[in-house]
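These protein sequences, in sequence, are chains A and B. Numbered according to this note's numbering, the first sequence spans residues 2 to 392. Numbered according to this note's numbering, the second sequence spans residues 2 to 392.
The hints are simulated quantities; they were obtained by calculation from the structure and are not laboratory data. This one's a predicted model, so the numbers in the text were calculated from it and none came from an experiment. One should not assume that every hint holds.
Said to hold, decoys possible - Chain A stretches covered by chain B per the calculated footprint, using a threshold of three residues with CB under 8 angstroms from any CB of chain B:
1) 16-28
2) 43-56
3) 241-254
4) 305-312
5) 332-340
The beta-carbon is built from N, C-alpha and C at its ideal position, and this holds for glycine as well.
The lines below spell out each chain.
Number of protein chains: 2
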Amino acid sequence: MGDLMSAVRPAAQRAPASGIIAAVNHGRDKEGLIPLWAGEGDLPTPRFIADAATRALRDGETFYTYPRGLPALREALAGYYEALYGRPFDPDTFYMTGSGMQAIQLCVALTVGEDEEILVPTPTWPNVSGAGAVIGARPVPVPMDEADGRWVLTVEALERAVTPATRAIFLNSPANPTGWTADLATLERVLEFARRHGLWIIADEIYARFVWTGAPRAPSFLDIAAPDERILYVGTFSKNWAMTGWRMGWIHAPVALRQTLENLIQYSTSGVAQFLQRAGLAAVTEGDWFVRATIERARVGREVVSEALAGHSRVTYAPPDGAFYAFFKVAGLASSREAAFRLIDEALVGTAPGTAFGANGEGYVRVCFLRSRESLAEAMDRIVRFLNALD
Amino acid sequence: MGDLMSAVRPAAQRAPASGIIAAVNHGRDKEGLIPLWAGEGDLPTPRFIADAATRALRDGETFYTYPRGLPALREALAGYYEALYGRPFDPDTFYMTGSGMQAIQLCVALTVGEDEEILVPTPTWPNVSGAGAVIGARPVPVPMDEADGRWVLTVEALERAVTPATRAIFLNSPANPTGWTADLATLERVLEFARRHGLWIIADEIYARFVWTGAPRAPSFLDIAAPDERILYVGTFSKNWAMTGWRMGWIHAPVALRQTLENLIQYSTSGVAQFLQRAGLAAVTEGDWFVRATIERARVGREVVSEALAGHSRVTYAPPDGAFYAFFKVAGLASSREAAFRLIDEALVGTAPGTAFGANGEGYVRVCFLRSRESLAEAMDRIVRFLNALD
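Bound conformation, chain A alone:
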């Protein structure tokens, strides 16, 4: 057995186990547990989206299809972006992928090689570093500044981390788990920094419409960058349309990369099932009412969580500017892991340990608040009772 592992490619061995999955595995079978550990809501995919897949299955759309994705869906995505960003988009700049995760993985594979570096502001969703590690690259954590539970990424921190081996920055705004949402001035400074060092930006703006600052959407690199800039945008159906389990996402990238990206898709999953793409098409073209309802659900969830946590004597927490997570620190527990595991065992609430998002997440846990008011209120009651009972 040891012999087998020693024969495994070192980079594949280095990929760390997900700390979120570790918590899920610990609590998966607990009766009555309220799961707030994953980045997904409590509603299944709406019927009109699922039915589009069912119809396509009935119509026999079960053969190989376009590696880059159905033309109709890529056109629909271009239309969706046009509505959101106020200018036309070329359908040939969209590439369907087998999840937002795969979009990230392909963008990393496109830009960062063995022993090269990608800057990853932390705390952040761990999978981008995992994808970098698997390819033999070095994910370089760039610690965000924290004060009273509010996290901020500064360009100064990026400047301190850049080296001649740096090839890319992963920039997630609105951010998971911190809720940090870059303003336009910050994005401009990041873009200037990237240009100056010749870096790619992998822009993860998947929570663009989940913003709590009063704006209709978060500021985006799409507002300031040229079309042939070194920026790759990753997208997903998961969050807007309650499609986490579908494994369907996309990349928006300059046309010049078309053949290269098509090759990367061809040699990984060779595209996305056509009948699933029909569901994606229904989501993008008929689903805006559902996205708006989902955003409203998250807005209420944020209030419920903030009411429970803000001002609690054991808790460091600031209401997030964007995304749908509360990331808070608990005083009096030895570690994030202890907090998450005891919350599972003693409060029957599933949270994700902060260390799953980077070393500087120690002491924190993350909860997802995209959930019904009732269920979330019950979960927060349980958490508060647990906190109150700590010595």
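Given chain A, put chain B in place with the hints provided.
Frame of chain A, contents of chain B only:
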């Protein structure tokens, strides 16, 4: 634009465009064309399989799920293997993947690193070399011997190709496109060779039940290897159950690799949609009648093709021992590409150019014969008329 491409990671640039896709793109919209270019049949997925996905969608199975795959499906796969190979299998040795292609990609990522080598007998399906190139590894073509249209891989050819940088062999038997099907003695020699050099074997036996030698299935490394051997088996739902468009496959690998493989899955697509896995479960547990019917369809197809090609004065062809492709050489045309493109334009039959499978495929084309007798007979008539009309 040029500037953008120069910033792309060199390994990602090196991944070659698929020569099969090139032919498909040339002929996709030709009215009346009979497409024999892809490795798929002409029947959609059977209703009982599609309905299982539909039911799971209705039941709301649209959330995140187990990265390694549904326990019920992994148990069913273990049972399927037990029936086929005559001994028990551990469900924890099975990992669901987002296509057989992704199974291959993950196995390559597990075993071969930058500037390391993987031996790839050719002609073969090009995507394994593509997956190697993307990761920065060197796919080393190992030419098979050919005589009168019959291709054979010898261990001597592998011996000549091995270097200190070699980490793995990709072994596809029954083989696409050549139909070569290793006997047990050959597999034993390959295994001995791999052990002696400390190499991994990536065993692609997905056509195991499509054999035309009278045996119920092809000889397998599973017949001769120990459970903790350095062998990774890739699998797919595509061929047996007419599910090419579903992008669903699996890996069978030693338990010792469990966490490493789970990580590789987590950081690529994070698993397969649960409602799709329900369809896989229906296929494996209730679908053997369909597999048998598919094999029979291919058996008849092989006869139709052989009747048309064997003995034709312009054609070098030997009926294959396994899989469902005819790979034949046409005298009097300048290249595979000319043959494939002219067959599209002048005969309205889609074939894959032999060079898509390796340099030594030059002069050949591949047709898939998993198709109704009528449609296939018409396609072969068209091909023969085209050949007869050549000067």
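Item to check | Contradicted hints - numbers only | outcome: The structure conflicts with hints 4 and 5, although it agrees with all the remaining ones.
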